[in-house]
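Going down the list, the protein sequences come from chains D and U.
According to the working numbering, the stretch in the first sequence is residues 1 to 199, in order.
According to the working numbering, the stretch in the second sequence is residues 1 to 92, in order.
For the record, the hints were derived by calculation from the structure and aren't laboratory data.
These numbers were taken from a predicted model, which means no experiment stands behind them.
No residue lacks a Cβ here, since even glycine has one placed at the ideal position from N, Cα and C.
Among the hints, a few may not be true.
Covered stretches of chain D (chain U as the covering partner; in silico rule of three or more C-beta atoms under 8 Å from a C-beta of chain U) [unchecked claim]: (1) 30-41; (2) 174-183; (3) 191-198.
Label-pair ranges, simulated between beta-carbon atoms [stated by the list, open to error]: (4) U:Gly37 / D:Glu102: 26 to 34 Å; (5) U:Ala7 / D:Val56: 29 to 37 Å; (6) U:Gly37 / D:Pro21: 24 to 32 Å; (7) D:Glu46 / U:Pro59: 26 to 34 Å; (8) D:Pro176 / U:His35: 29 to 37 Å; (9) D:His27 / U:Pro59: 32 to 40 Å; (10) U:Ala7 / D:Glu102: 16 to 24 Å; (11) D:Pro36 / U:Ala75: 43 to 51 Å; (12) D:Glu173 / U:Phe22: 32 to 40 Å; (13) U:Leu89 / D:Thr71: 57 to 65 Å; (14) U:Arg86 / D:His155: 27 to 35 Å; (15) U:Ala75 / D:Val96: 40 to 48 Å.
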Amino acid sequence: MGIISRGFHGRSRDGDVKLPPGQYLTHDFPVLSAGPTPRVPLERWEFTVTTEAGQVHRWSWQDILALPSVTPTVDLHCVTKWSKLGTNWQGVSLDVLLADVETAADYALVHSYGGYTTNLPLEDLLDGQAWIAYRYDGEDLMPEHGGPARLLVPHLYLWKSAKWVRGIQLLLEDEPGFWETAGYHNYGDPWREQRYQGD
Amino acid sequence: MTERDDAYRDGNSLAGPLSEIFAVDVTAAGGRCAHCGLTGPVATMRVYGSAEAMVGRCPGCEEVMMRLVRGPDAAWLDLRGTVTLRIPLPPD
Ligand SMILES: [Zn+2]
Chain D
1 MGIISRGFHG RSRDGDVKLP PGQYLTHDFP VLSAGPTPRV PLERWEFTVT
51 TEAGQVHRWS WQDILALPSV TPTVDLHCVT KWSKLGTNWQ GVSLDVLLAD
101 VETAADYALV HSYGGYTTNL PLEDLLDGQA WIAYRYDGED LMPEHGGPAR
151 LLVPHLYLWK SAKWVRGIQL LLEDEPGFWE TAGYHNYGDP WREQRYQGD
Chain U
1 MTERDDAYRD GNSLAGPLSE IFAVDVTAAG GRCAHCGLTG PVATMRVYGS
51 AEAMVGRCPG CEEVMMRLVR GPDAAWLDLR GTVTLRIPLP PD
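So here's chain U without its partners, still in its complex pose (with noise of 0.2 Å):
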C-alpha cells in the first residue's frame, strides 16, 4: 500500500488549489455543510482524494462539502454540499 486507506488531510490542503481560483485565502471562508449544518473555517475541512480531484468532506457528518477537480486547463469546483461560504473581508 502506497497510502493509509482511511487518510486524509485537513484544509488547510487545499489552500493552493484554491488561491488559482479565488483572489482571497478560501481555508480562512466559513463553510457551513448543508447536509448537518456545521459552520467553520474551510480549513478544518477533512481533504480525501489526489492533487487532480479532491474532497472536502464536513469533519462532523463527512459528508461531502467540495469537490476540486484540476484539468490541465480549467478546474471544476462542486459547492453543492456547503450552504454559505463566510469570506471575511477588510473593514469598508
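Chain D on its own, in the form it takes in the complex (with noise of 0.2 Å):
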C-alpha cells in the first residue's frame, strides 16, 4: 500500500478527521440491505469454519459468548461513500476462532443467514483485523445492523463485514462473493478507493 499516503486525501470538512478518497463523515449509521433481514433463534444460531479438507468446526451462541471477547473502537467506510468514525463493538477476534484451525487455505468466503456472500484473503481476517462482533455501542447488535453477529473487517469496505454471518469457508482459490461477481471490487481498499471492479 506504501505509494498512496494515507494522509493526504479527504480532509473533512467537520475538522482536522481524515477519510478514504470519496468519502463524506456521517454520525447516523445508514442501514443498507441487500435483501430482506433473517431472524435468527439464538438457541438455533451457529457459527461455523469450514476447511478446503471440509472439516467444520462449530460454535454455539453460548460458545462465542464464553469465548474471550475485545471491544475495538474502528471506522467504517462503506462504498456508498459514507464513513462514520470511531464505533465501539464487542465481539470475539478471527484469531481466537482460527486458533485450532488446521488449513493451507489462503482465501476465504464468508456466508451469512440469508443467502449474502463475500470474499476476501485469508490474512486479513488475521492479527487483529477481523471479529465476529456481536454488541454495538454497548447493546446488543440489532438485526438490523447484522445482529444477532456480523463480521467486522474495519480496513475493507464495509460490504465485506458480513452481516448475520453464519460461517467461513476457508478455500485454497478465491471465490467472489454476492457482490464481488457482481462489479464491486474483490478487494475493496477504501484507502486504495476499490470500489469497482478495475478500480
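Work from the hints to combine the two standalone chains into their complex.
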C-alpha cells in the first residue's frame, strides 16, 4: 500500500479528520441491505469454520459468548461513500476462532444467514484485523445492523463486514461473493478507493 | 435508523437505472425466476439496496433475480437468477 500516503486524502469539513478518498463523514448509521433481514433464534444460531478439507468447526451462541472478547473501536467506510468514525464494538477476534483450525487456505468466503456471501484473503481476517461482533455501542447488535452477530473487518469497505454471519469457508482458490461477482471490487480497500472492478 | 430494516421498493424503481442500459422499458418485461419458476413483470420484483447497487428479488420466493451495480463509468447487470426476460415488442 506504500505508494499512497494515508494522510493526503479527503480532509473533511468536520475538522481535522482524515477520510479515505471520496468519502464523507456521517454521524448516524445508515442501513443498507441486499435483502430482507434474517431473524435467527439464538438457540438455533451457529457459527462454523469449514476448512478446504471439509473439516467443520462449530460454535453455538453460548460457545461464542464464552470465548474471550475484545472491544475494538474502529472506523467504518461504506462503498456508498459514507464513513462513520470511532464506532465501539464487542466481539471475538478471528485469531481466537481460527487458532486451532488447520488449513493451508489463502482465501475465505464468508456466508451469512439469508444467503449473502463475500470473499477476502484469509490473512485479512488475522492479526487483530477482524472480529465476530455481537455488541455495538454497549447494546446487543440489532438485526438491521447484522445481529445477532456480524463479521467486522473495518480496514475494507463495509460490504466485506458481512451482516448475520453464519460461517467462514476456507478455500485454496479465491471465490468471489455476492457483490464481487456483480461489479464490486474483489478486495475493496477504501484507502485505494477500490469500489468497482477495475478500480 | 435512517431506513426501515425490511424496506424494499417495487421493481418500478428499476425503470430509470435500466433505461440507461436498454432501449426498451424492461420493467414491463416478464421475468422468470430461476429458483421457483414464477413469472411476472420486472416491476413486481422487490428491490433492495441503494442507487449504486440494487438487488431485485422474486416476489414469490425472495431469491435474487437481478443485481445491478452502477459505477461512475459502467454498469454491471447480473441476471443469473432470471431464466428469461420476455420483452413485449410492437408487432411486425
Ligand atoms: Zn422465485
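Chain U covers the segment 30-41 of chain D, three or more CB atoms within 8 Å, holds or violated: Coverage by chain U holds for the segment 30-41 of chain D (8 residues, Cβ < 8 Å).
U:Gly37 paired with D:Pro21, Cβ distance criterion 24 to 32 Å: Because 45 Å falls outside the window, the suggested range is violated.
Outcome for the supplied range 26 to 34 Å, where the beta carbon pair is U:Gly37 and D:Glu102: Since U:Gly37 and D:Glu102 have Cβ atoms about 43 Å apart, the given range 26 to 34 Å is violated.
Outcome for the supplied range 57 to 65 Å, where the beta carbon pair is U:Leu89 and D:Thr71: Because 60 Å falls inside the window, the suggested range holds.
Verdict on chain U covering the segment 174-183 of chain D, where coverage means 3 or more residues with a C-beta closer than 8 Å: This one holds; 5 residues, not fewer than the three required, reach chain U with a Cβ under 8 Å.
Supplied distance hint 32 to 40 Å, evaluated on CB atoms of D:Glu173 and U:Phe22: With a Cβ separation near 34 Å, D:Glu173 and U:Phe22 satisfy 32 to 40 Å, so the hint holds.
Supplied distance hint 16 to 24 Å, evaluated on CB atoms of U:Ala7 and D:Glu102: Distance hint for U:Ala7, D:Glu102 is violated at roughly 43 Å.
Pairwise beta carbon distance, D:His27 to U:Pro59, judged against the given window 32 to 40 Å: holds, 36 Å
Consistency of beta-carbon spacing, U:Pro59 to D:Glu46, with hint 26 to 34 Å: Taking Cβ atoms as reference, D:Glu46 and U:Pro59 lie about 30 Å apart, which means the hint holds.
Range agreement (Cβ of D:His155 with Cβ of U:Arg86, hint 27 to 35 Å): About 45 Å separates the Cβ atoms of U:Arg86 and D:His155, which means 27 to 35 Å is violated.
29 to 37 Å as the expected CB spacing between D:Val56 and U:Ala7, which holds or is violated: holds, 35 Å
D:Pro36 versus U:Ala75 beta-carbon gap, inside 43 to 51 Å or not: Violated - the Cβ-Cβ distance for D:Pro36 and U:Ala75, about 25 Å, lies outside 43 to 51 Å.
Violated hints for the displayed structure, listed by number in ascending order: 4, 6, 8, 10, 11 and 14.
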